[in-house]
Amino acid sequence: MSEQIEPLREKIIDILRENGVKRASFFGSIVRGEMTEESDVDLLVEFEGRRSLLDLTHLKNELDDAVERRVDLLTYKSLHPLLKERILAEQVPIL
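When the letters of the sequence shown are read in order and numbered with this note's numbering, they come out as residues 1 to 95.
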């Protein structure tokens with residue numbers, strides 16, 4: 001697992017909880033140890049109850065600011081079927 005994960009986890013875990021996220025995981029370059037200065041941070045989230053697109057956008061903006069880079073935020077329900085298996089296999093839980 002990438003040594004880049006824990007510092008980012010510490011920066012975002014409270015933000016996730018404050019925004020009603022009940023499950024979250026990293027995936028992508030950060031878990032493969034391939035993250036560069038230009039990389040975004042890939043996150044999967046599942047909310048407690050329903051959330052609007054505005055709620056998702058607000059969370060994304062808060063996360064972008066906290067980690068000082070772009071966050072690619074996906075919900076578990078929105079995963080494309082062709083990518084779902086690979087993403088779920090490599091995910092690293094945050095919450």
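Simulated from the structure, these hints should not be mistaken for laboratory data.
Take the hints with a grain of salt, since some may be wrong.
What the hints assert, rightly or not - Here are the simulated DMTMM-like cross-link-like pairs (lysine to aspartate or glutamate), alpha carbons at most 25 angstroms apart as the crow flies: (1) 22 <-> 90; (2) 22 <-> 72; (3) 11 <-> 68; (4) 77 <-> 37; (5) 11 <-> 72; (6) 11 <-> 55; (7) 22 <-> 38; (8) 77 <-> 55.
To be verified - Quick list of simulated restraints, FRET-style, between CB atoms: (9) 3 <-> 81: 15 to 23 angstroms; (10) 72 <-> 18: 19 to 27 angstroms; (11) 81 <-> 14: 14 to 22 angstroms.
Think of the CB as a built atom: it goes at the ideal place given N, C-alpha and C, for glycine as much as any other residue.
Quiz item: So which hints don't hold here, by number, going up?
Solution: 4, 7, 9, 11
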